[in-house]
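Visitor: The primary structure of each chain is shown beneath.
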Amino acid sequence: MSEHTDTDAAHDEAAMATARARLYGLLAATFDGEAETTAAALDRGAFAAVAEVFPIDIETADLRGDGYDADSLAIGYDNLFAVPGTHYVPPFASAHAVDPSEAFESDSRYHTAGEAGELLGDPAAEMAQLYAAAGFSPERGDEIPDHVAACFEFMRALCEREAALLDEGGSEANLDAVRDLQARTLSRLGWIDRFEAAVASSDTVEGVFAAIARLARTFTAWDAQEVVQTDLQPSETTSSELPDQ
Amino acid sequence: MSADDSGEDGAGVSRRDFVKAAGSIGVIAAASNAAVDVDIDDLWTDDEHHYVGDDYGEYGASDVIHTTCGQCNTFCPIKVRLADGSGTGEYSSLVRKLAGNPYSFLNTQPFSQVPYESDPDDVAMGDVEGSGDVETDRWSVSGGRICLKGQAGIQTAFDSYRVRQPMKRVGPRGSGEWKTVSWDQVIRDIVEGDDDLGHPGLKDIWGYAPQETVMSDWEAVQNGELSKSAFDEKYADDLIDTDHPDLGPKSNQIVDVGGFRRNFIRNRLWHQGLGSINSIHHAGTCGVSSVMGNVRSHAAQKKRQYPDIENCEYLIVWGTNPMVANKGPTWLAPKLTNAIEDGMRMDVVDPRLSKTAEKADTWVPVEPGADGALALGMARWIIENDRHDLTYLQNPSQSAASDDDEPTWSDASHLVLVDEQAGPKARASDLGLVPEDADTADDFVAVDAATGEPRPASEVDTAVLDVDVTIDGTAVRSVWSQYRERVFEHTIEEYAEMAGVPAKQISEIADEFTSHGKRAAIMAYRGPAKHTNGFYNTRAIATLQHLIGNYDWKGGQITPYAGYSTMSGRYELGSVPDGHSPWGIPLLRGGVNYEDTSLFDRDDGYPAKRPWFPVAPPQATQELYGSAADEYPYGVEALFIRPYSNNHVMAIAGGDEIPAVLKDTDAIPLIVASDTVIGETSQYADYILPEPTYLERWENFGTYPNKRLADEKISQPAVSVVPDARPFEDVLIELWSELDLPGVGEDAIPDADGDLWPLEQAEDFYLKLAANIAYGRNPVADASEDELRVFRESHENGLGEQFDLDRWKAAVTDEEWEKVVTVLNRGGRFEEPTEGYDEAFAEHGHGYDYAERADGSNAYDGEHMRYKLESRVDFYSEVVPKGKHSFTGERFDPLPRVDDVEHYDGTVQAAVSGDGDRERPLRLINWKPRTQGMHRTQNSPWLRETRPENPVWINPQDAEERGIENGDDIVLDAGRKTVDAVAMVTSGIRPGVVGAMWGWGRRGDGATTETIDGETRPAVEADGHSDYQFDEPMTEEAGYAKGRDAGFAINHVQPLDEELGDTGLSDLVGGSNAQYDAFVDVERR
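Protein chains in written order, with the UniProt record's numbering: chain A, 1 to 245; chain B, 1 to 1085.
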C-alpha cells in the first residue's frame, strides 16, 4: 500500500469528490420526497447554480426563486412519484427497464413476466448486489434498491468515502475500490434518460421536477464520462464495467 | 444516462466551477447516515465472485445418469455426472460430481423444474429455453439442489473399506476374521448348510403348508375327527410347532431384515416366494408411532403431517427439523425459508433450538415426552374460546361436508356404543334406525340438529356435537362429548405444568393456530413420537387439526400420495404365479392380540413374556433379537440382514445388547449379511455378501406426501465400483431357484395379458417397473433416436462391461423400451405444475410459480389441493381399543391422552406429572445431524470434517451447577453405562435436558481393524489429515476429520426395559422404540 504524496492534487480531488457528494445528496433527498430540503435548495438557488455550470439547455428559471413552498412541492412529488395516476412516473429502474426480468425470481404482483416494467426486477437485484458489496444499506428510496433516491444516496456515500480516503491518505487499493464501485453504479443508471423523459412529459404544470430531473441526467452523464472514467486508473476489473458510449 | 446530451459540451465543464457551485449545497442537503464500508483491498461483487460460478466444463447427456440418492431417507432425485476416462481401472467409471436432478420439482426449489420432455442434452448443459443464463440466474449447470451429504455419496461408493468378495467368517462370530469365498460356494453353503461352521442350510430349515389346510385339520383335531398324532406327523416338517399351529409354517423362521426394496424382496420373494411372514424393515427404530398416530386419526391413508407451505400462514413445526431432516435440506428448507420471507409465521416445538427453530418466530422448548399435554392444553383453550370450526365439526358425512365445500369431515358427532367392550361406534342398523339390509345400515349415527333425532350420518346435514343419551335402551355418547371430556380432564395451567411451557404461551399458540382459518397447519414427526407414549402424543397433535378442519385446503394440511403406478399396469409385479400365502403369528407380534393366540393359555395368560403390538404393524424392530434369544414366540433359524439401511446395533435403543444374541449360534444358527462394508451388525454374520451401493443398483423409493404434484422416482445403476458385488435381489433369485421356490426364474411375472415373463436378475423386475411408470396415466413420449443413443452411451460410460443393452431391452417389449428409456433418462416421472408447461416455461422461465399462478394448475383445485385426503378424520379410533396391553390385559385408549413413559411392566420411566429427585436428573435427547445421513455416512471424510464428533449440548444453568464450561471433556453417566464426551454449553437446549446427535461412536466400517484372508487392515485414523482441534464446539477454526469411531453411540446409553433387560423401551400402541427417555448426569473429566 502506498500513501499519497501529492497532497495538493489529493486536496483538489477530495474537493471534487465532496462537491459531487453534495449534489448527489441533494438529488437523493429531492427524489426521496424530502420537500423541505428541495424547497430550501430552490430558495438558495443551489440547483440553478449547479445547472449553470453545465452549458446546456436547462430551464434554470424553474430552479430558482422562492415561489416553492415545501407543501406544494410535497404534493407535486406525490403526484409524480408516489401515487399511481395519470401523472405517475415510477421512480425506480425496474419500471423503466427495456428488457423484462424474466429470470428474476419474483412472485410480485407487479411482475408481469415477459413484459418490461415491474417492481424489484433485475435492476433492483443488481443495485442490491452493489450495496451488499459496499456494506451499504440505503435509507432512502422506500426500500426499493433501484429507486433513484437510493441510487443517488449510494453515489453520495461513495463520493463521501472517496473524499475521506483522499483526505486521510487511504490506500490506493481502497480508493480504487470505491471508484470502481462508482463506475459500476453509474453504469447502471442509463435508465435515468428514460426517467427524465417521462418526468418531462408528466411534470408539465410547474416543471420544477422536470428541471431537476434534467439536471440529474446531465450531471450523472457528465460524472460518468468526465469524472469517473477519466480520473479512474484503468484496471482489468473495472474498465470493462464502464458504460458503452 | 447517455453521453449524447452532455457530449461535446460536457468536456467544457469546469471542475472548479462545479466545486464552487456545489458549495452552495453544503448547508442544505440533509444527508442520510447511510455510508459505505469500503476498506478492502480487493473489491468484489456478488455476480462476479459469489454464488454463481461461471467456469464450467463442457459435457453432455452421455456423461449423465439420473438416479436417486441413498445417503439418507429423503431419497432425492439426483444427477450423476460421470467422470472422463470411464471404463478404466477396477471400477467402471469414476463419478465427477453428484447434483440434483433438474427434471424433478423436489430438487429444483425455489425454481421450477425443467419440462419433462426437455432434451437431456439441453438439460445437461443448462440450455433449456427458460432455464436462464448460468452466469446470472443462479441456475447451475450441474442441475438441481443437492445437500452436502448427497455430494459425499461418491465417498460411499468408493469407500476403500467396501466388501469386495463374498466372505465367510473365520473363528467365532464377531472375531473380526474373514476369508473370501466364491459366489458358488456361498450359495451352496446357504442352501445346503456347512459343516465347518456347523450351520444348517435353507433346505433343512424351510417348510410350508397353507393356512386353510392346516387350520381345517386343526379344527378336525379339536372336533376329534383327526388324531393329534396324525396331525403332528402330517405337519412335523412344515409347522414351527404342531401344538401351536397358529405360529405358522417353518418358513416364518427365515427372517429378512432390510428396509427398502420392499416390493421386490418382501412382497415377492419373502412373502410369496418363501411363504414367510417375517420381512422386517426399520419402522420400530423410526417414526412408526407417529405414522400409526396419524393412521388412527384419519379414515383414508394419512401417515404423515405436512402443510401446503406455499400458502400456509401459520405453521407449527413439532418435534421435527425440516431444515435438516424429514425430507428437508433440498425440498422443505427452501420452501420454508421462502414462505417465512413471504410472511408465514412458523413456531417450533422442540426441547432444542434446532436449525428450524432458529428460523422460527417462537421457539417452544417443550419437556420431552410431554407433547400430548401441550397439544391437549391447546385443545382446551381452543374449545373454551369457541375457536374450533363448528360448521366443519357438525358435518357428519361427506355429503354434508360437500355442501360446505369441505373435502373432509370428522367423526365428532358420531355416536359410540359406550357400554360395549372396546366401545365401537354405532352403526345405523345397530340402533334399529334402518333395516339391516338398508344402504345406510353401516352408516355411522349422528343426531340431526334439525330434528333432534338420531339418523344415519349420510342423511344428516348438521349434527349435534354433544350427545350423551340412551336410545331404545342402548347407551350412546358422541365422540365429541368424550373428546371434550378428555381435553377438560386438566386445566390449561396443569397442562402447562406437565409440558413445561407457560400457560400464556399455550394460549398464545392456540390463538394463533386458530386465527388463520384453514391456512394453519402442523408438521410433526419423531420428537413427540419416539417415547413409549408417542402414539398418544401424536394423536393429540393430529386431532388439533381436526378442530380447524384444515385438510385438503390451500395453505392447510396436505396429503397427496400422488404418483404413477409402479407395481401394476403393463406388468403385475406383485403377482407371483402359484405363490405362497404367508401366515401365522409374526415374530414381532404386530397386529395380533396376545389373548387371541394359543400361547395365551400355554403361558397362563397375562402378563405375556414379551410385548405384543396388537394395533401396530409387525415392525417393532427393537424386539427382534430378544425374541430370537427367547424363542418367543418362536426361534429364528436363519437371519438375512441388509444393514446398509438397517444397522440395528447402532440404530436401536439398547442396540449394544444385540451382539450377544448375534454371537450365539444356538439362538440364530445362520446369519447372512448383504452389506457394502463390514458394519456393526454385519460383523457378527456367518457370511457377508458384497452389496452394491445405491449408485450401483436399482430401487424405487417413494416420496413423502409433502408435495403438490405427482412423482415417481427410479434408481438405476450408474457406476460399478466393486465388480463382484451383487444386488441382494440377484442373490435371492439364485437361492430361491436352488430351493425351487415360486416367484423367480421362468414364468415368474405376469404381464397385463397374462403372459409370463422370467425373473432372473434385478433388472427384469425394475425395468418392468419403469414400464409401468412410463404408461401410468398418460404414457410418456417415446425416446427419440438421439435419446436412445444418449441412453446407451451414458450407461456404457457409467457401467462399462456391466452394461448389457440387449439384456435390458429384453426385459420389456420393443414398444415399451422407448418409453422406458424416456423414464430412465430422467430418473423417474415428475408431474408438471401446469398444462402446456413447456411453452409456459420457455416464456416465463424457471423463476415463476406455475402451480400457483398459471392457468390449469395441476396442484390446486380452486381453494383446495388437487390431490386430496377426502375422507373422515377421527378424534376417536375404533381400532385402538381392540388392542390390549400384553402385560396387563388393559385395552388401549381410543382417544388422545397424556400418558407416562413406562417400561413394559408399567414401571414409570418418566411421569408426565414430573418426577421427584432423580439420581441422574438430565433427560437425554438426540437428533439427526445436519452433516450425516445415517450412521452409514460416517465413512465420508468430507462429512466428518464438517462436524467431527457429537458434543453433548447442555444448558448454561445445568453446566454452571456442574462446573462445566464449553469444550470441557465430560463423562456422561447413563447408569448402566458411562461414555466420554465433550460439552457444548448452549442456551439452545431446555434446562434439565441434554442431547447429542446420533450417528457417532461407530465400531464397524473402518472404525476398527478387519482381517481378511490373513491380512489385517487398520482402522481409519484421521484420513491422512492432522489431528482435529475440537476444544470448543462451534468455535473450531479448521475442520479435520477424526477417525470413523469418533464420538459416542447415543443408542448405547439408552435405558433397557426393566422387564426385558435386553432392549430399549417400546410404545406398545404405536410400535416405536423409545429413544428420548434416558436420564443421565454429566461431570467434568
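No wet-lab data here; the hints were simulated from the structure. There may be inaccurate statements among the hints.
Said to hold, decoys possible - Derived CB-CB ranges, DEER-like:
| id | chain 1 | residue 1 | chain 2 | residue 2 | range |
| --- | --- | --- | --- | --- | --- |
| 1 | B | R164 | A | G135 | 47 to 57 Å |
| 2 | A | G135 | B | S402 | 32 to 42 Å |
| 3 | A | I75 | B | E835 | 46 to 56 Å |
| 4 | A | G135 | B | E835 | 21 to 31 Å |
Ideal Cβ positions, reconstructed from N, Cα and C, are used throughout, including at glycine.
Visitor: Starting from the range 32 to 42 Å, see whether the pair G135 (chain A) and S402 (chain B) falls in it by beta-carbon distance.
Guide: violated, 58 Å
Visitor: Within 47 to 57 Å: is that where the Cβ-Cβ distance between R164 (chain B) and G135 (chain A) falls?
Guide: Distance hint for R164 (chain B), G135 (chain A) holds at roughly 54 Å.
Visitor: G135 (chain A) and E835 (chain B), beta-carbon distance inside 21 to 31 Å?
Guide: violated, 46 Å
Visitor: In this structure, is the beta-carbon distance linking I75 (chain A) and E835 (chain B) contained in 46 to 56 Å?
Guide: holds, 49 Å
In terms of the numbered hints stated before, the structure departs from hints 2 and 4, listed from lowest to highest.
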